[in-house]
Amino acid sequence: MSKTLEKLKASRYYGLVLLGAMLLFFYGVFKILTPGNFGSLSNLYTYLQSSIIYSVGGCGLYFIVVMGLFDFAVGANIVLSSIVGVILSSKFGYAGFILGCLGCGTLIGFLIGMLYNNLNVPSMIVTVGLMLIFESVAVFVAGGVKQTLAPELRFFSGAPGNIILAGLAFLLMYFILNYTKIGTYCNAIGSNEFTAKNMGINVKKYKLIGFMLLHFFVGIMAILTVSYGTTMTALTGMSTMSRNFQPLMGTFFGVAFRKYKMPITAIIVGEFIISIIFNGFVALGAPTTIQNVVTGGALLVIVSLTARGGKGSVVK
Amino acid sequence: MDKKPLLIAEHIDKRFGITHAVNDVSLTIDAGEIRGLIGENGSGKSTFSQMLCGIYTIGGGSFTLDGEKLHIRNQVEANNVGIAIIVQEMGTLSGLTVAENIFLGHEEPFMHFGIKDTGAMNREAQRLLNEYGFGRIKAADMIDHYNFEDRKLVEIVKATYSKPKILVVDETTTALSQNGRLELYKIMDAVRADNRTVIFISHDLGEVLAHTDSVSVLRDGEYIDTVRSSDVTEDDLKRLMVGREIGSAYYRTDYGQKISEEVVLKVENVSVPKEIRNISFSLHKGEILGFGGLSECGMHEVGKAIFGASWDRSGSVTLADGTVISNIPTAIRHSIAYASKDRDNESIILNESIRNNVVLPSIDDLANRGLLNQRKLTQFAEKHAADMQTKMQNVNQFVSDLSGGNKQKVVLARWIGKGSDILVLDSPTRGIDVKVKQAIYALMSELKEQGKSIIMISEEIPELLGMADRILIMKDGVINGEFLRHPELSEEDLIEKMV
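Going down the list, the sequences are from chains A and B. All residue numbers for the first sequence refer to my numbering, where the first residue is 47 and numbers rise by one. All residue numbers for the second sequence refer to my numbering, where the first residue is 11 and numbers rise by one.
Honestly, the hints are just simulated from the structure, not real lab data. One should not assume that every hint holds.
As the list claims (entries may be wrong) - A few chain A residues that face chain B, going by a derived Cβ cut-off under 8 Å, partial list only:
no. : residue
1   : Gly-114
2   : Arg-200
3   : Met-308
Stated by the list, open to error - Examples of chain B residues toward chain A, derived with CB under 8 Å:
no. : residue
4   : Leu-103
5   : Ile-125
6   : Lys-268
7   : Ile-359
Ideal Cβ placement from N, Cα and C applies to all residues, glycine included.
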């Protein structure tokens with residue numbers, strides 16, 4: 047009996063039930079507290095549309111977080127890629143916009159990966175340094191002017207454009223994780239880099255691929271972000287730092303639910319839960335500071351419930 | 011029938027800094043042979059085999075396999091030419107499925123234009139697992155859902171499914187239960203029957219003699235001799251390994267010594283969920299109390315529970331003066347020492363110096379009003395490491411550079427230095443060569459004479475019979491039998507209570 051229970055607890059269904067239960071819990075709490083202005087079907091659809099933008103970034107971050115790496119330059123890349131995309135869109139339309147965002151994003155991923163591999167310093171330090179540089183480059187590229195996406199190029203600003211693009215990103219992520227060696231090798235490197243090396247895995251190559259994939263997804267996120275907000279302003283002084291964390295929250299969900307073999311679902315649902323919490327507080331009229339405190343707290347609670355090591359285990 | 015040489019090692023050499031780990035070793039191994047490779051810790055046997063398998067680069071000399079000179083840079087290249095290894099420690103990777111682990115680095119048969127056919131990979135892995143008789147392990151499951159032994163079985167499948175010409179089994183059996191060992195022996199026999207070769211590394215000389223055709227001996231990195239297994243005894247092998255006669259003073263020879271009435275530690279109804287249930291016993295002054303059983307019987311958890319290292323323990327552990335041991339700091343403060351079975355992860359800090367490892371629990375005692383005198387710390391470490399005859403350059407050497415036996419000496423030096431009166435030693439001679447074993451047994455006898463009490467947890471029955479005043483046998487988390495030291499006590503008596 048206990049063996050069956052253990053088997054069930056290790057299954058994908060258990061993971062789905064856990065995610066569903068968390069979603070229902072937070073939805074239920076806010077629905078009870080503010081039944082009038084929270085949680086209608088159309089509201090939920092709006093929350094979902096905003097959360098899928100972060101989910102796309104969360105998918106990208108997954109590749110490097112499972113390898114034990116980190117990237118603080120995600121926010122800076124969103125800003126820079128958006129600006130490059132918008133500038134190119136004025137000359138080449140959608141092709142310039144899409145290729146500008148994706149190309150700039152991936153190129154930045156390549157630069158980060160190359161520098162990380164060759165400097166041999168922790169990814170956190172490399173990406174903080176590069177974040178400052180990319181922020182300045184964005185100001186330079188934008189010429190200090192707010193960049194606005196032309197109204198006729200805003201297919202991805204709302205449904206169905208944003209849903210289609212994000213859906214394609216999730217499918218791509220699913221394909222990479224399940225039908226290429228990249229997912230397996232990223233997990234192997236994160237588990238034991240030395241052993242992975244001994245298995246013939248070119249660790250540096252796959253770390254570079256990880257960074258490039260991350261920033262390719264950041265490029266997609268840039269398309270969705272600037273389409274949703276229609277403008278992008280380049281700012282310096284680590285102002286892009288806050289953009290790193292929302293997608294990262296989804297990644298935490300993905301890593302936590304990796305054991306149930308459903309990281310993408312967990313990233314999407316996880317971001318949706320975070321979005322529900324944010325919007326729940328907005329509906330309650332809570333000040334932003336309180337919203338941040340509770341959202342941070344909720345993240346800690348959720349990750350503790352799902353990814354916490356056993357009592358007595360070593361956690362770093 | 012004349013056998014043909016499969017592997018020729020010529021003048022193999024390797025240095026790590028000033029340590030000459032393998033010194034000009036030349037030997038030949040035939041096809042269709044199981045060759046034992048033995049030596050003390052630090053004799054170079056693992057370094058030699060890891061060079062063959064591409065884990066270390068070759069420092070000098072060459073390997074020739076089946077007439078071809080080898081130029082191997084990593085394990086996959088070794089696999090590709092037909093050499094595979096099963097290592098002592100965990101060789102599978104978390105976060106991957108069983109199938110992904112089996113085919114890691116060898117996914118090509120399942121790749122079509124860069125796209126991986128996961129279904130086909132899972133089916134093939136499951137077919138292999140079924141073929142090996144490990145069908146209860148599911149290829150599509152995450153490897154993390156399986157215990158150490160099952161993961162070791164997956165590793166065996168991974169190392170052998172491609173039918174390597176040479177299979178290196180590097181001290182793998184210590185991680186396996188009796189059933190797992192039997193499975194491994196069967197696989198080794200099958201490799202030999204297929205005219206392929208096994209290099210079998212083990213410290214269990216009885217096992218080596220029982221399952222090999224010949225045995226090569228290394229000592230201090232140098233090749234000593236190769237003998238036919240059927241022509242030698244364990245004592246002959248010990249002599250070759252150590253370079254002198256050994257054996258007469260291996261275990262204690264005294265019998266009938268009365269155990270002191272004085273109880274130093276009382277364990278009452280100690281339970282740890284899923285591990286042990288209602289364990290009660292008393293430890294007496296000057297007693298060596300042995301704990302035995304199959305590897306999953308719970309005996310290793312008993313050691314942790316006594317030391318206060320099991321977070322969800324219930325029941326009580328009390329010293330003679332009434333002090334209750336509920337956590338590790340209390341245990342250490344009250345003169346209890348613990349050496350874990352998992353030496354590298356739980357007993358020593360690998361990337362630290364011998365000095366810092368030895369002084370760790372004694373820092374408060376060595377401090378003067380909270381201030382540390384570096385010279386005093388060094389002298390303290392030097393004294394106790396030297397007392398243990400630790401083979402080292404100096405106490406500033408990192409522990410990661412030491413052999414298994416010398417790491418264990420560092421652990422013991424730490425607790426002897428602390429002046430602990432109760433020592434809980436879990437598998438104190440695991441993976442340790444005969445010479446260091448002898449030194450550790452001698453130390454245990456000496457400590458006993460000094461009135462120290464020892465709890466020795468061991469999976470080696472001869473060790474329990476040879477060293478313990480009293481033996482408690484565990485089965486399924488409970489104590490299932492108690493034996494007093496007696497010359498007539500046999501392995502069979504103990505095994506009967508274990509299974």
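Interface restraint verdict for A/Gly-114 against chain B (beta-carbon cut-off 8 Å): violated (11 Å)
Closest C-beta approach of A/Met-308 to chain B relative to 8 Å, hint status: Check failed: Cβ of A/Met-308 comes no nearer than 12 Å to chain B, outside 8 Å.
Interface hint compliance - A/Arg-200 to chain B, C-beta minimum distance less than 8 Å: violated (35 Å)
With chain A as the partner, please determine if B/Leu-103 meets the hint condition of a C-beta pair closer than 8 Å. holds (4 Å)
Less than 8 Å between beta-carbons is the criterion; does B/Ile-125 satisfy it with respect to chain A? holds (5 Å)
When the nearest CB of chain A is found for B/Ile-359, is that gap smaller than 8 Å? Hint on B/Ile-359: violated, closest Cβ of chain A at ~13 Å, above 8 Å.
Hinted contact B/Lys-268 with chain A - closest CB pair below 8 Å: violated (39 Å)
The structure fails hints 1, 2, 3, 6 and 7 (numbered hints given earlier, in ascending order).
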